Amino acid sequence: MDNNPNYDQLLLDLCVPGADWERGAGNKPKFIKRTDLTPEAKGWFELVRRSILPAANNSEVNLERATMLHCILKGGEIKVHEIIAQGIRKMAEKSDSRGTLGYPSTIYRICKKARVVFEDEDPVWIKEGISITVRRMNAAALPLPQRKQRKRTAPQVVEGQVLEGQAPQTLDMHQLQEAIDGLSRQYLESQGAQKELQLQMMGQQDEWQRQMMEQQLSQGQQWGEAFNRMEQRQNERQESTQRLINIQAHQGAHIHEMHRRQIEQAELLDEQRAFAEGVYMSQTGHQINTQARLSYLVGQLPILHLGIAKNMKERKKRKREEGRESRARRREGRKEGCPQRHCAVATLESTIRRCPVVVLPSIKPVL
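Quick note on numbering: full-length UniProt numbering labels position 284 of the sequence shown as 284, and the sequence is numbered without any gaps.
Because the hints were derived from the structure by calculation, they are not lab data. Don't take each hint at face value.
[Stated by the list, open to error] Distance windows between CB atoms, simulated:
hint, residue 1, residue 2, range
1, 277, 307, 43 to 51 Å
2, 90, 17, 50 to 58 Å
3, 276, 246, 41 to 49 Å
4, 230, 55, 47 to 55 Å
[Stated by the list, open to error] Here are the computed lysine to aspartate or glutamate pairs in the EDC-like style, where the Cα-Cα straight-line distance is at most 20 Å:
hint, residue 1, residue 2
5, 310, 322
6, 33, 13
7, 30, 20
8, 319, 236
9, 313, 325
10, 30, 64
Note that the structure is a prediction, hence the values are computed from the model and not measured. Backbone N, C-alpha and C define an ideal beta-carbon position, used for all residues, glycine too.
Model the full structure from these sequences, guided by the hints.
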C-alpha cells in the first residue's frame, strides 16, 4: 500500500458526492464517516474491518483502512500476510487486557499448528445465540469414565469333591449336530428372506427409476412444449413489433410529406397574399391618381375655358327658376285639386321644352 496517499483521490473513489474528510489538528485528514462510503466500499470495509485490520468502531474509516479499500477497489498491491503478522505482534505487545482479541481464527490455527496446549479451567463450548447441532453437542459432552469389567471368580472345587445332586456333564454330538442344522436352516432362511427383500427393493428401485424417467420425459416434453410456445410467442411479439415499427415509419413519412405540403401551401398562400396586396396597392394607386386627375380637370376646366363657367352659371340659374316654377305649380295644383301625377308630367314636359341642348366646345388638356 502507498504510505503517502492522495487524500482527494481517495475521497473521490470511495465516497459519494459531497462527502469530505473529518479533520483533526492542523486541518489534517483524520477519518471518513462510514455513511459517506459507496455501497461497494461499504462491503469491502466490512471485510477489512473483520478480517484484515480489526476494529471495534464501525462508524469511522481511518487513513490506513481507507488506503487499503482504495487498493482493493483499484487493483493495488496489498501484503496481507505482513499486515496480519504486524497486527498480531502489536496485540501481543499490548498490556491492556480489556480490548478484544483480533484475528482469533488465525491465532488458533497457528497455535494448533505449533501444538500449543490450551489449559482452560472452565472452557465455554457453546455460547448463547449459536445454533445447537449434533456436532457441537458431541464436542461439548464430557467423556464418561469407562467402567471396569469385574472378573467373575470361578467356584473353587476341591479335588475329589463332587457336589451332591449334580450329574456329570457329557458332550452329546447328536444334539450338537441338530443345533448346527437348525442354525444353518435359520441362516439359509434369513439369506432367502434377505434376497427376496433385496429383489423387492431392486424392483421398487427399478419401478421408481422408471417412474422418474417417465416423469422426467413428460416434464421434458412439457418444458419443450412450453419453450416452443414461448419461442412462438416471442416470434409473434417480434413480428408485431416489427409491423408496428413499419407502421410508425410509414406514418412518420406520411406526416413528413403532409408537413412539406403544408409548408408549400403556406409559401404559395404567402405568395398569393403578396401578389394580391401588390395588385390592391397598384389598383389603389391607379384609382387615386385617376381621382386626382379628374379632380384636377374638374377644378381647372372653368379656368381653361370661360364658356364652361358661363354655362355652369346658366345651369344653376335655370335650376333655381325650375325649382320656383315647380313649387308654384304644386301650390296651384293643391288649390285646384289636380292630381300630383299630372302636375309632375306637366313639369317634366315644360322642363324638356325649356332646356336646350348645349354643345360644349372642344377642350385640349394642359399638360
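Here is what the structure says about each hint:
Range check, residue 277 to residue 307: about 46 Å between beta-carbon atoms, so the 43 to 51 Å window is met. Checked against the hint of 50 to 58 Å, the C-beta distance between residue 90 and residue 17 comes to roughly 36 Å, which is inconsistent with it. For the pair residue 276 and residue 246, the beta carbons lie near 44 Å from each other, so the given range of 41 to 49 Å is met. Range check, residue 230 to residue 55: Cβ separation about 52 Å, and the 47 to 55 Å hint holds.
Taken as a hint, the residue 310 and residue 322 pair is honoured in the structure, with Cα atoms around 18 Å apart against an allowance of 20 Å. A distance of roughly 14 Å separates the Cα atoms of residue 33 and residue 13; the hinted pair therefore holds under the 20 Å criterion. A hinted pair counts as satisfied when its Cα atoms are at most 20 Å apart, and residue 30 with residue 20 qualifies at roughly 11 Å. Distance restraint check for residue 319 and residue 236: the Cα-Cα separation of roughly 100 Å exceeds the 20 Å cut-off, and the hinted pair is therefore not satisfied.
A threshold of 20 Å between alpha carbons decides the hint, and for residue 313 with residue 325 the separation of about 18 Å falls inside it, so the pair holds. For the given pair, residue 30 sits about 10 Å from residue 64 by alpha-carbon distance, which is consistent with the 20 Å threshold.
The structure is inconsistent with the numbered hints 2 and 8, although it conforms to all the rest.
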